[in-house]
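Peer 1: Below are the chains, spelled out letter by letter.
2 protein chains.
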Amino acid sequence: MKSDKQHIENSDEYLGLHVNNGVVQPPSVNPYLKKKKHRILSVDDYVQGILQGNISILSQAVTLVESTRPEDHNKAQEVIEKCLPHATNSIRIGITGVPGAGKSTFIDAFGMHLVENGHKLAVLAIDPSSERSKGSILGDKTRMEGLSVAENAFIRPSPSAGSLGGVARKTRETIVLCEAAGFDTIIVETVGVGQSETAVHSMVDFFLLIQLAGTGDELQGIKRGIMEMADGIAINKADGNNVEKANVAKVQFQNALHLFPMPESQFLPKVLTCSAYEKTGIADIWNMVEEYIAFTKANEYFDYKRQCQSKYWMYESINEQLQNHFYQNEKIEQLLKEYETMLLNDKISSFVAAKKLLDIYFGQ
Amino acid sequence: MKSDKQHIENSDEYLGLHVNNGVVQPPSVNPYLKKKKHRILSVDDYVQGILQGNISILSQAVTLVESTRPEDHNKAQEVIEKCLPHATNSIRIGITGVPGAGKSTFIDAFGMHLVENGHKLAVLAIDPSSERSKGSILGDKTRMEGLSVAENAFIRPSPSAGSLGGVARKTRETIVLCEAAGFDTIIVETVGVGQSETAVHSMVDFFLLIQLAGTGDELQGIKRGIMEMADGIAINKADGNNVEKANVAKVQFQNALHLFPMPESQFLPKVLTCSAYEKTGIADIWNMVEEYIAFTKANEYFDYKRQCQSKYWMYESINEQLQNHFYQNEKIEQLLKEYETMLLNDKISSFVAAKKLLDIYFGQ
Numbered sequence: 015m016k017s018d019k020q021h022i023e024n025s026d027e028y029l030g031l032h033v034n035n036g037v038v039q040p041p042s043v044n045p046y047l048k049k050k051k052h053r054i055l056s057v058d059d060y061v062q063g064i065l066q067g068n069i070s071i072l073s074q075a076v077t078l079v080e081s082t083r084p085e086d087h088n089k090a091q092e093v094i095e096k097c098l099p100h101a102t103n104s105i106r107i108g109i110t111g112v113p114g115a116g117k118s119t120f121i122d123a124f125g126m127h128l129v130e131n132g133h134k135l136a137v138l139a140i141d142p143s144s145e146r147s148k149g150s151i152l153g154d155k156t157r158m159e160g161l162s163v164a165e166n167a168f169i170r171p172s173p174s175a176g177s178l179g180g181v182a183r184k185t186r187e188t189i190v191l192c193e194a195a196g197f198d199t200i201i202v203e204t205v206g207v208g209q210s211e212t213a214v215h216s217m218v219d220f221f222l223l224i225q226l227a228g229t230g231d232e233l234q235g236i237k238r239g240i241m242e243m244a245d246g247i248a249i250n251k252a253d254g255n256n257v258e259k260a261n262v263a264k265v266q267f268q269n270a271l272h273l274f275p276m277p278e279s280q281f282l283p284k285v286l287t288c289s290a291y292e293k294t295g296i297a298d299i300w301n302m303v304e305e306y307i308a309f310t311k312a313n314e315y316f317d318y319k320r321q322c323q324s325k326y327w328m329y330e331s332i333n334e335q336l337q338n339h340f341y342q343n344e345k346i347e348q349l350l351k352e353y354e355t356m357l358l359n360d361k362i363s364s365f366v367a368a369k370k371l372l373d374i375y376f377g378q
Numbered sequence: 015m016k017s018d019k020q021h022i023e024n025s026d027e028y029l030g031l032h033v034n035n036g037v038v039q040p041p042s043v044n045p046y047l048k049k050k051k052h053r054i055l056s057v058d059d060y061v062q063g064i065l066q067g068n069i070s071i072l073s074q075a076v077t078l079v080e081s082t083r084p085e086d087h088n089k090a091q092e093v094i095e096k097c098l099p100h101a102t103n104s105i106r107i108g109i110t111g112v113p114g115a116g117k118s119t120f121i122d123a124f125g126m127h128l129v130e131n132g133h134k135l136a137v138l139a140i141d142p143s144s145e146r147s148k149g150s151i152l153g154d155k156t157r158m159e160g161l162s163v164a165e166n167a168f169i170r171p172s173p174s175a176g177s178l179g180g181v182a183r184k185t186r187e188t189i190v191l192c193e194a195a196g197f198d199t200i201i202v203e204t205v206g207v208g209q210s211e212t213a214v215h216s217m218v219d220f221f222l223l224i225q226l227a228g229t230g231d232e233l234q235g236i237k238r239g240i241m242e243m244a245d246g247i248a249i250n251k252a253d254g255n256n257v258e259k260a261n262v263a264k265v266q267f268q269n270a271l272h273l274f275p276m277p278e279s280q281f282l283p284k285v286l287t288c289s290a291y292e293k294t295g296i297a298d299i300w301n302m303v304e305e306y307i308a309f310t311k312a313n314e315y316f317d318y319k320r321q322c323q324s325k326y327w328m329y330e331s332i333n334e335q336l337q338n339h340f341y342q343n344e345k346i347e348q349l350l351k352e353y354e355t356m357l358l359n360d361k362i363s364s365f366v367a368a369k370k371l372l373d374i375y376f377g378q
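Those sequence lines, one after another, are chains W and S.
Just so it is clear: in the first sequence, position 286 is 300 by our numbering, and no numbers are missing.
Just so it is clear: in the second sequence, position 52 is 66 by our numbering, and no numbers are missing.
Possibly wrong hints are sitting among the right ones.
Pairs involving identical chains hold if they fit within one copy or between any two copies, as the list cannot separate such chains.
Here are the computed lysine-lysine pairs in the DSS-like style, where the Cα-Cα straight-line distance is at most 25 Å [said to hold, decoys possible]:
no.	residue 1	residue 2
1	319	264
2	284	264
3	370	319
4	361	311
5	96	325
6	311	259
7	325	351
8	311	325
9	361	319
10	96	351
11	325	370
12	345	325
13	325	264
14	284	319
Don't read these hints as lab results, they were simulated from the structure.
Modelling step: build the complete structure from the supplied sequences, incorporating the hints.
Peer 2: Dropping the structure here:
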C-alpha cells in the first residue's frame, strides 16, 4: 500500500477514478440537496467552526476524518494538525465490558452525572467487527435516553467497517477534534471480546472495566488480559436481589487484583459496585476517575502515558503499513499459502520460510 | 536488513570480512587445538550425529545455530530442515517466575523426577537481557546439582546477547535439534520480568508459572499478563514455616483464576504447592502436565497450538525483519528523532508523522 499522498500523485492506480483529474467535475450527488453546502468548507472553516464549538461543523469534520476518499483524507489531516495545539486539558476514559454488562445504560447514567456537573462530554466507540449484533455499540440510541438529548453531550458511533488500525486511527483523530471543540471529557466505548481493547487502552487516560456479579458464563466472553489493563472495575447491576452478589464479586475482584503487580501508574485499581439502572454508585466511579487523574498528574505518569501513546500510534501505524505493503504484494500473496503448507507439513522451518519470502519481496 | 543470503552474495556490506571471498583462508584459531575438527562436520555429519543421539555433535550443532557467521547460519538451516521431520513426540514446557522463586532448584528437582522415570530431558533458556545478574538463568550450574551430571539430561544456557527475536529463534531451533536427538521433554526457562515470556509461551505446549506464597513485594517483579498465560501455577518453597502461607496463596490464586475466562485449551489451570528443596509435590506437578497433554491431545488443541506457533514464528520473523529494514534505513534513522520531537510537541499527529516517514522510505 502506498501512502495516500502517493496515491493522489499517481492517480492511475485509482482505476479511473481520476480520469478527469484537473478538470472540475460536477458533483455526483443531487446539487439541490442541502448537504451540498458541506462540501465547500475549507480547512480554515472547519478549524474555526470546531474551535467555536460548533457541533454541526464538528460532526462534518468527523465525517471528513472517516471518509475513505483520498482528497478528504489530506484535508482531514490538515484540520487535525491545526486542532492539535487546542486539544488540551481533557480526560479520556475507555470503557469496556462484555455484551450484557450494561455498558450503554452505564454510560448514559455516568455521562448524565458529568454533564449535570458542568462537563462537556463526547462519547465515541470502537467496534471494528462486522458482527454488529455481538456488541451493538452505541447502535441503539434509546439506551442513552438522557445523553442523546443532553445539550453538552456529543455521541458518535464507531466508524463503520475497516481494519482495527483504520478504525482506531479515525477514533483517535476524532478525539482531537472533540477536544479542540471544547469537550473536556471523552469516553471511548468498546466491547471486551476482541483486539479493540488494546487499541482503546492505548488512547485513553483511564480504562474502566464494567463487570457483572457472578463468575459463571457472563465472564467467559471477556478477553484474557483485559482485567490487567483496567485502572478500575465497576460491578454493574448491583440492584435488587443482586446487591449481595455484587458485593461478593467486589471482594473477589479486589483480592484478585492484589495478586497482580502494581500498575505502572502506581495507582492500585479499585473495584466499585453500581447500578446504572437505579443510578446508584455512579458518583463514586467518577470520583475514582478524578482521584486517578489527580494522582497520575501529581506523579507525572499522566503526561508520560500520553507521550507514550503518541509514539505508540506512530510506530503502530508505521508497522501496520509496512506489513500491508508486504502482505498485499501480489507475489507474496501468491506464495504465502504455499509456504504455510510447507511449514505445517514440517518441510520448512518458520524462519527459513520467512527468510525466503523476504528475499523475494526485497529482491523485486 | 537484507536477508543473510543477500548478505553473502553482496559481501561488500560485510566491511571487508570477505575480502578474500572464494580463496580458502587458514582458520584464525590455533590449528593444533582439538576444537578444529569440529569445523569440518558436514550437514550430513551433523544430522546423522544428532539422529544417533550423539550429545557432542548436538552441542556443536547448537553452537552452529547460535553462530553469527552467515556461512554457519545457512549450514545450520540445512541441518534444522533435515532434523524437522524427526522432531516429534515431545513435550515442551515453559517455566517462568521472578528471580527468587527458586526456578533453578525447581527445574533440578522436576527434571530429576523426569529422568528417573525414563525421560530424556533438555533444559534450555531464554534471557535476552544483558543484565544477567537479574535472573542468572542457568548461569549457576551448581543450582542444578542433579541434572548437571545426569546421563539423560542436556542443559544449555540461553544464547548470549542479541535481540529477543534472535535469541528466541535460536532457542526454537535448538528445540528441534534436541527433539531430533531423542529428547522427549524440553524445558525452556525464562525470567518473569520482560518480553521473553511471550516468546517462550509461543514455543511450548505447557506454560508453568512458579510463584511464592505472599502477596507482597515478591510479586511486584512479575510482568502483568503472565498469570493469564499460565497453564498451571506451582507455589514453591512450601516447606517449614511456609507451608501454611503457601496453602493460603494456593486458594488465593485458585480463586483469582476462576475470575478469568476459560483458556482456549479448555483446561482450567491448576494451582499446586511444592518444595523443590524438600522435593515434595514435584510428582503432582508432572502429573498435571501429563494430564494437560492428554487432555489437549484428546480435544486436538495440542496440534492446533503447535501449528499456530509455527505460523506465529513465521509471521513474527517476517514482521521483525520488515521493521528492521525500515528502522535501520539510514535516512529513517536520521529523521525519526526529528519526527518524534514534533510529535511530542503537538506539531504533527502520530498518523501524519508515520505517513511522512513511510513516504520517504518507499520513495527511495
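Peer 1: Hints broken by the structure, by number, lowest first?
Peer 2: Hints 1, 6 and 13 are the ones this structure does not satisfy, whereas the remaining hints hold.
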